[in-house]
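Visitor: Got chain G; can you put chain V on it based on the hints?
As given, the protein sequences belong to chains G and V, one line each in that order. Quick note: the first sequence, position 29, residue 29 per the numbering used here, numbers continuous. Quick note: the second sequence, position 129, residue 129 per the numbering used here, numbers continuous.
By construction, these hints were calculated from the structure, which means they are not laboratory data. Among the clues, some could well be false.
Here are the simulated lysine-lysine pairs, DSS-like style, with alpha carbons at most 25 angstroms apart [claimed, not checked]:
id: 1; chain 1: G; residue 1: Lys155; chain 2: G; residue 2: Lys185
id: 2; chain 1: G; residue 1: Lys169; chain 2: V; residue 2: Lys185
id: 3; chain 1: V; residue 1: Lys33; chain 2: V; residue 2: Lys58
id: 4; chain 1: G; residue 1: Lys137; chain 2: V; residue 2: Lys137
id: 5; chain 1: V; residue 1: Lys169; chain 2: V; residue 2: Lys137
id: 6; chain 1: V; residue 1: Lys58; chain 2: V; residue 2: Lys169
id: 7; chain 1: G; residue 1: Lys169; chain 2: G; residue 2: Lys58
id: 8; chain 1: G; residue 1: Lys137; chain 2: G; residue 2: Lys169
id: 9; chain 1: G; residue 1: Lys185; chain 2: G; residue 2: Lys169
id: 10; chain 1: G; residue 1: Lys169; chain 2: G; residue 2: Lys155
id: 11; chain 1: V; residue 1: Lys185; chain 2: G; residue 2: Lys137
id: 12; chain 1: G; residue 1: Lys185; chain 2: V; residue 2: Lys33
id: 13; chain 1: V; residue 1: Lys155; chain 2: G; residue 2: Lys137
id: 14; chain 1: G; residue 1: Lys33; chain 2: G; residue 2: Lys155
id: 15; chain 1: V; residue 1: Lys155; chain 2: V; residue 2: Lys185
id: 16; chain 1: V; residue 1: Lys33; chain 2: V; residue 2: Lys169
id: 17; chain 1: V; residue 1: Lys137; chain 2: V; residue 2: Lys155
id: 18; chain 1: G; residue 1: Lys58; chain 2: G; residue 2: Lys33
id: 19; chain 1: V; residue 1: Lys155; chain 2: V; residue 2: Lys169
id: 20; chain 1: V; residue 1: Lys58; chain 2: G; residue 2: Lys155
id: 21; chain 1: G; residue 1: Lys185; chain 2: V; residue 2: Lys169
Protein chains: 2
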Amino acid sequence: MNLAQDSRRARQERLVDILGREPFLTDEQLAAKFSVSVQTIRLDRMALGIPELRERIKDLAVSRYHEVRSLAPDEVFGDIVELELGVQGLSIWRADREHAFSRSSIVRGHYLFAQANSLAVAIVDADQALTARATVKFMRSVNAGSYMIAHARVKGERHGYVRVGVQTKVHHESVFEADFLIMRKGIEITGGSAGEGCD
Amino acid sequence: MNLAQDSRRARQERLVDILGREPFLTDEQLAAKFSVSVQTIRLDRMALGIPELRERIKDLAVSRYHEVRSLAPDEVFGDIVELELGVQGLSIWRADREHAFSRSSIVRGHYLFAQANSLAVAIVDADQALTARATVKFMRSVNAGSYMIAHARVKGERHGYVRVGVQTKVHHESVFEADFLIMRKGIEITGGSAGEGCD
Numbered sequence: 001m002n003l004a005q006d007s008r009r010a011r012q013e014r015l016v017d018i019l020g021r022e023p024f025l026t027d028e029q030l031a032a033k034f035s036v037s038v039q040t041i042r043l044d045r046m047a048l049g050i051p052e053l054r055e056r057i058k059d060l061a062v063s064r065y066h067e068v069r070s071l072a073p074d075e076v077f078g079d080i081v082e083l084e085l086g087v088q089g090l091s092i093w094r095a096d097r098e099h100a101f102s103r104s105s106i107v108r109g110h111y112l113f114a115q116a117n118s119l120a121v122a123i124v125d126a127d128q129a130l131t132a133r134a135t136v137k138f139m140r141s142v143n144a145g146s147y148m149i150a151h152a153r154v155k156g157e158r159h160g161y162v163r164v165g166v167q168t169k170v171h172h173e174s175v176f177e178a179d180f181l182i183m184r185k186g187i188e189i190t191g192g193s194a195g196e197g198c199d
Numbered sequence: 001m002n003l004a005q006d007s008r009r010a011r012q013e014r015l016v017d018i019l020g021r022e023p024f025l026t027d028e029q030l031a032a033k034f035s036v037s038v039q040t041i042r043l044d045r046m047a048l049g050i051p052e053l054r055e056r057i058k059d060l061a062v063s064r065y066h067e068v069r070s071l072a073p074d075e076v077f078g079d080i081v082e083l084e085l086g087v088q089g090l091s092i093w094r095a096d097r098e099h100a101f102s103r104s105s106i107v108r109g110h111y112l113f114a115q116a117n118s119l120a121v122a123i124v125d126a127d128q129a130l131t132a133r134a135t136v137k138f139m140r141s142v143n144a145g146s147y148m149i150a151h152a153r154v155k156g157e158r159h160g161y162v163r164v165g166v167q168t169k170v171h172h173e174s175v176f177e178a179d180f181l182i183m184r185k186g187i188e189i190t191g192g193s194a195g196e197g198c199d
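Pulled out of the complex, with its shape left as it was, chain G reads as follows (with noise of 0.2 angstroms):
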């Protein structure tokens, strides 16, 4: 065994161990960390039978779906990878091109509240959820090509109305929060209070 088997074999292990702890790190991301080219990174993760992050993400969404009750699976804007229903969840979605403004490749703010406004809405543990309010803050633009992991939690539950607190992030740094009134199905709406909501 020569020293480039045995620098392959540590940067492997410690592949697993960071894909363990953070698994939707991109391609270009683990390049980036362990100073080598994507190429090396995609014949590693061939190695190790590792599927690439798109693959990742789908494949944890798929074993989440069935869980949400307050949306039909494709109506979710995002893949959903954890969810506690009426506790927590956290979701991903890739930004393309289509998404951005052409002038400037920023991502449309729409969509950060589209996937947060989902997500949202999909840890409400009730069949049918609406929303009532919301307040946002974009912290950072965002440009086409990011990944945005979305990271959802039930602030509190009064007379029938959610509160949940929704922060996205990429690469770790916060771009946008939001926080949402939710009201589950079958409230009796009073003249003048949060409202009949949608979505």
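Guide: Relative to chain G, chain V alone:
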């Protein structure tokens, strides 16, 4: 001239008058107003040379697009039919089945957000404008097939941030309200302030 012709002429005169004041009424709404069939309204429109609502909207929208500075024409979600840069604007968007939940036919909230956000950005008098914050209320659920009429108004400007209020109505009833804080491009960002923005 007989009575039938008399009433038709009177109705057609009122039709022109009503559409002058409320140009975005559908044939169904006009039929209900006149207590006649939708077919009768269509024949009246044809006799008067008034195109159908979709055409009326497109005609108005095309004439407005060159005035928008901050977005390319195909980037506006909805049709902008009125625009006073830096002051106010009106956009119309018809929600189809593809924009609604399959189970309930309720239009998804992020489309109402997209229409309002597009319009809010479009009325800003700048070459590029990014949304920093938004507060939105969903007042009533909207069914697929509805025409959403959004009206945006600039409420103030401070340190390069423009505040825009948007109200969206269906059949004169408020279904959605939003308050956007939009950053003109080129404004220096100070850490922890309203952020870099998106859209």
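Visitor: Are the hints correct? Go through all of them and say.
Guide: Hint by hint, here is what the structure shows:
Distance hint between Lys155 of chain G and Lys185 of chain G is fulfilled; the C-alpha atoms sit about 19 angstroms from each other, no more than 25 angstroms. Between the alpha carbons of Lys169 of chain G and Lys185 of chain V the distance comes to roughly 23 angstroms, so the proposed pair stays at or under 25 angstroms and holds. For a cut-off of 25 angstroms, the pair hint linking Lys33 of chain V to Lys58 of chain V stands: about 24 angstroms separates their Cα positions. A C-alpha spacing of about 15 angstroms is found between Lys137 of chain G and Lys137 of chain V, which places the hinted pair at or below 25 angstroms, so the restraint holds.
Between Lys169 of chain V and Lys137 of chain V, the direct Cα distance comes to roughly 12 angstroms. Compliance with the 25 angstroms bound is thereby established for this hinted pair. Under the criterion of a C-alpha separation no larger than 25 angstroms, the hint pairing Lys58 of chain V with Lys169 of chain V is consistent with the structure, at around 19 angstroms. Of the pairs offered as hints, the one joining Lys169 of chain G and Lys58 of chain G holds, with about 19 angstroms between alpha carbons and a cut-off of 25 angstroms not exceeded. Annotation: proposed proximity of Lys137 of chain G to Lys169 of chain G holds, straight-line Cα distance about 12 angstroms (limit 25 angstroms).
Straight-line distance between C-alpha atoms of Lys185 of chain G and Lys169 of chain G comes to about 30 angstroms, which puts the hinted pair past the 25 angstroms bound. For the hint pairing Lys169 of chain G with Lys155 of chain G, the CA-to-CA distance comes to about 19 angstroms; that is within 25 angstroms, so the pair holds. The suggested pairing of Lys185 of chain V with Lys137 of chain G holds, with an alpha-carbon distance near 17 angstroms, which does not exceed 25 angstroms. Proximity of Lys185 of chain G to Lys33 of chain V is assessed by CA-CA distance (about 34 angstroms); at most 25 angstroms being required, the pair is judged violated.
Simply put, Lys155 of chain V and Lys137 of chain G have alpha-carbon atoms about 19 angstroms apart, close enough for the 25 angstroms limit, and the pair holds. Note on Lys33 of chain G and Lys155 of chain G: the hinted pairing is violated, with a Cα-Cα distance of about 35 angstroms set against a maximum of 25 angstroms. The straight-line distance between the Cα atoms of Lys155 of chain V and Lys185 of chain V is roughly 19 angstroms, inside the 25 angstroms bound, and the hint therefore holds. Note on Lys33 of chain V and Lys169 of chain V: the hinted pairing holds, with a Cα-Cα distance of about 19 angstroms set against a maximum of 25 angstroms.
The suggested pairing of Lys137 of chain V with Lys155 of chain V holds, with an alpha-carbon distance near 18 angstroms, which does not exceed 25 angstroms. Only pairs whose Cα atoms come within 25 angstroms are accepted, and Lys58 of chain G paired with Lys33 of chain G is accepted, the gap being roughly 24 angstroms. About 19 angstroms separates the Cα atoms of Lys155 of chain V and Lys169 of chain V, which keeps this hinted pair within 25 angstroms; it holds. Taken as a hint, the Lys58 of chain V and Lys155 of chain G pair is broken in the structure, with Cα atoms around 44 angstroms apart against an allowance of 25 angstroms.
Only pairs whose Cα atoms come within 25 angstroms are accepted, and Lys185 of chain G paired with Lys169 of chain V is accepted, the gap being roughly 23 angstroms.
Checked against the numbered hints above, the structure breaks hints 9, 12, 14 and 20 and satisfies the rest.
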